[in-house]
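Engineer: If you want the building blocks of each chain, they are given just below.
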Amino acid sequence: MIKACEAMVKCLEAENVKVVFGYPGAAICPFYDKLLDSGIRHILVRHEANGGHAANGYARITGRPAVCIATSGPGALNLLTAIATAYADSIPLICITGQVNSDQIGRDVFQEADITGAAEPFVKHSYLVKNADELPKIFKEAFYIAGTGRPGPVLIDVPMDIQNTLIDFEYPESVEIRSYKPTGKGNYAQIKRVMKALNEAKRPLICVGGGVFASNAQTEIKELSDIMQIPAITTMMGISAFSTDNPLFFGMLGMHGVKSANIAVKDCDVLFLIGARVGDRAVRTPLSVEESTTIIHIDIDPAEIGKNMNADLPLVGDAKLVLRQILDLAKPLEHKEWIEYLNSLKSEPVYEKTKDGTINPRKFISDLSDAMSDNTTVVADVGQNQIWTATSYKIRNGRFLTSGGMGTMGYAIPAAIGAKLADSGRPVVAICGDGSFQMSLMELATAVQHGVKLKIIVMTNRYLGMVREVQQNVYHNRYTAVSLDGSPDFITIASAYGIDSMRVTNEEEAKKAIEILSSSDESFFVECIVDEHTATI
Amino acid sequence: MKHTISVLVENHAGVLSRISGLFSRRGFNIDSLAVGVTDDPAVSRITIIVDGNEYTVEQVEKQLNKLIDVIKVKCLESDELLARELVLIKVSAPADRRAEIMTIAEITGASIIDISMTTITLQIADTNAHIHRLEEIIRPYGIIEEVRTGTIAIQKGAESITLKK
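Going down the list, the sequences are from chains B and Z. Residue numbering for the first sequence is 1 to 537, as defined by this note's numbering. Residue numbering for the second sequence is 1001 to 1165, as defined by this note's numbering.
Since the hints were made in silico from the structure, they are not lab data. Hints are not guaranteed to be accurate.
Stated by the list, open to error - Pairs of lysine-lysine residues, derived as BS3-like cross-links and limited to a Cα-Cα distance of at most 27 angstroms, are as follows:
1. Lys1062/Z with Lys320/B
2. Lys1072/Z with Lys307/B
3. Lys1074/Z with Lys307/B
4. Lys1074/Z with Lys185/B
5. Lys137/B with Lys1072/Z
6. Lys140/B with Lys1072/Z
7. Lys1066/Z with Lys307/B
8. Lys307/B with Lys1002/Z
9. Lys320/B with Lys1066/Z
10. Lys363/B with Lys353/B
11. Lys1066/Z with Lys181/B
12. Lys137/B with Lys1066/Z
13. Lys1074/Z with Lys181/B
14. Lys1062/Z with Lys181/B
15. Lys181/B with Lys1072/Z
16. Lys1062/Z with Lys185/B
17. Lys1066/Z with Lys140/B
18. Lys130/B with Lys1066/Z
19. Lys1062/Z with Lys140/B
20. Lys1072/Z with Lys185/B
21. Lys130/B with Lys1072/Z
22. Lys394/B with Lys355/B
23. Lys137/B with Lys181/B
24. Lys192/B with Lys1062/Z
25. Lys185/B with Lys1066/Z
26. Lys336/B with Lys346/B
27. Lys1062/Z with Lys307/B
As the list claims (entries may be wrong) - Covered stretches of chain Z (in silico footprint by chain B; criterion: 3 or more residues with CB under 8 angstroms from a CB of chain B, positions within the stretch not fixed):
28. 1014–1027
29. 1056–1064
Unchecked claim - If you want a taste of the chain Z side facing chain B, the calculated C-beta under 10 angstroms gives, among others:
30. Leu1008
31. Val1009
32. Glu1010
33. Leu1067
34. Ile1068
35. Asp1069
36. Val1070
37. Ile1071
38. Lys1072
39. Leu1163
Note that CB positions come from ideal geometry on N, CA and C, so glycine has one too.
Generate the whole structure from the sequences, applying the supplied hints.
Structural biologist: Laid out in structure tokens, this is it:
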């Protein structure tokens, strides 16, 4: 017999977990004690939410559930935002929290919080472990639930006495949950109808969402687009599923998207949504799509079909498998006129000159993407920096990560740490604003402590830029609570952490910074000074 | 429009809060909710009466199905179901009114389950509409207290909602 806390570690080993992110505390100490004896690498973050975001970045690059750990009460509560962030973007996380002793639950003892209750709206599933013997089964189920179907966070809350209980350990080989059977292939009759609609379409359009990464269907989408000559656009979550080099790619749609993508949505006659939930930032109202447009919607989550937009041809299933079925029936087609039309809407970006002592952030990001290696992972924070990155960074073979659904500020630095640990061979660039950077700058210590090499870019305009813009346009220049005066000198901050850095205030410095960012293997910190009047789009 | 939804769930702790939480955070309106264990002690059955349009009911069904503990969801059409609720009514009944109340009970199919010097307690298990009628008739006598369960429902005929093959 072994202690349940040792069994928990063995469960993680059985799931082939190599790296976990967390922050210890009394109620999770039994587990941490056993973690010391395993080969699993623990990354100590500086705030629990960032442990969750780091696991989020790690999961998105590995494509497998990633583990984050917190203690009971405040530790678990700090993790909540990260759980909700992962839930909104369908990222598979296993969140392990310590809990007070079973017999003390409900008595409001020190560091007690009902975390399974609090997290309920944001988890795919959760467990409050009451019987130590069930732990191996619970871990097996948790990994299965988190990583299959529509992925999402699963929370396992383990009271301290349960962690110390002796159990017979045997990790289940398979998992059987009678109430959970994710769909795989699509309905064949429906696929034939989809094929007919695609064959008859004059102006078909593929819209790729974040679900495509969960299904790893990037190759299939490219193939379909190539063979049937269907132009493609993405949502923000779908960015990097399609290379910006591809002549059939027309950018990101939505309120912050590009003209070619938005007009394409309006003018297409068949809109083929793949793993996209059509959130309000992508398509504001169903009315922005013409009523005559035939909408095909593939999603693994039936609840997403018809939730935000009515689908004429719903197809429930895993995008990769469904697209394979479609590809089996696909024949080469031409849509020359339609593609020519969309090409005519594309325009080379014009980067207006900004006032002295500032640079144009979009030009900087665009130039950076030209210089960085093709497989770079770019992590955008939230705010103007996010939109600048989403629309200006040309992603060819890399990945774009951001908190798309929840829009959680402070996501970029910790997620970049996770992404780098998941694949150390790929450069990782985090792009933040001076607001979002200050929400997680303490994680520079995490990167330094664990030798995680990051490229960090902070766009400083001394304001919460996106909110400021709303106040400018909607509230008639009545600025309130958006000035970031009092911020520290970020270059000094970077050097305090021992990270080389430079400030960019003109074109020449921009060039130099980009050269260092793209050629050095070491961490490098760049602060770009941006005019507060530089708009989001 | 009222809809009756039958849900089979794993009889785990916390299932009810997952389901009620889902309704409140998605903005679905519940008229009533009744829960109890089935002949299989590992499975509970929940009957929910929802007020909403077709879109709402479809979303309710789909969102319920996403909960891991939910095994089966079925929306029952009003013409294919038998629905009942159980009501206990304590009515004011001084000696000179007892006979009248007993007659009403007999006519409406309510049974008398308790009596005191000043009250009679009625029990009835019937449809919402029939119970409403009884309430209206009994109200002038003075309803002191009323307790009712949520509606439970089962399909007419040989059709069934079970896990058995």
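Engineer: Against the 27 angstroms threshold, does the CA-CA distance of Lys1072/Z and Lys185/B hold or violate the hint?
Structural biologist: holds, 21 angstroms
Engineer: Would the hint on Glu1010/Z stand, with a C-beta cut-off of 10 angstroms toward chain B?
Structural biologist: holds, 6 angstroms
Engineer: Mind checking the alpha carbons of Lys1074/Z and Lys307/B for me, to see if they're no more than 27 angstroms apart?
Structural biologist: holds, 19 angstroms
Engineer: Can you confirm whether the C-alpha distance between Lys1072/Z and Lys307/B stays at or below 27 angstroms?
Structural biologist: Given that 27 angstroms is the threshold and the Cα spacing comes to 20 angstroms, the pair holds.
Engineer: CA of Lys1066/Z to CA of Lys140/B, is that 27 angstroms or under?
Structural biologist: holds, 19 angstroms
Engineer: Could you grab the alpha-carbon distance between Lys336/B and Lys346/B and see if it respects the 27 angstroms cut-off?
Structural biologist: holds, 15 angstroms
Engineer: Are Lys137/B and Lys181/B close enough, with their CA atoms no more than 27 angstroms apart?
Structural biologist: holds, 17 angstroms
Engineer: Was the hint right that Leu1067/Z lines chain B, CB cutoff 10 angstroms?
Structural biologist: Since the shortest Cβ distance to chain B is 8 angstroms, the answer is holds.
Engineer: Does Lys130/B pair with Lys1066/Z here, judged by a C-alpha cut-off of 27 angstroms?
Structural biologist: Roughly 24 angstroms separates the two Cα atoms, so the pair holds.
Engineer: Could you grab the alpha-carbon distance between Lys1066/Z and Lys181/B and see if it respects the 27 angstroms cut-off?
Structural biologist: holds, 10 angstroms
Engineer: The hint names Val1070/Z as touching chain B; please verify it with the least Cβ-Cβ distance against 10 angstroms.
Structural biologist: At 6 angstroms from the nearest chain B Cβ, Val1070/Z passes the 10 angstroms test, so the hint holds.
Engineer: Can you verify the interface hint for Lys1072/Z: is its Cβ closer than 10 angstroms to any Cβ in chain B?
Structural biologist: Lys1072/Z check passes; min Cβ-Cβ to chain B is 8 angstroms, inside 10 angstroms.
Of the numbered hints stated above, none is contradicted by the structure.
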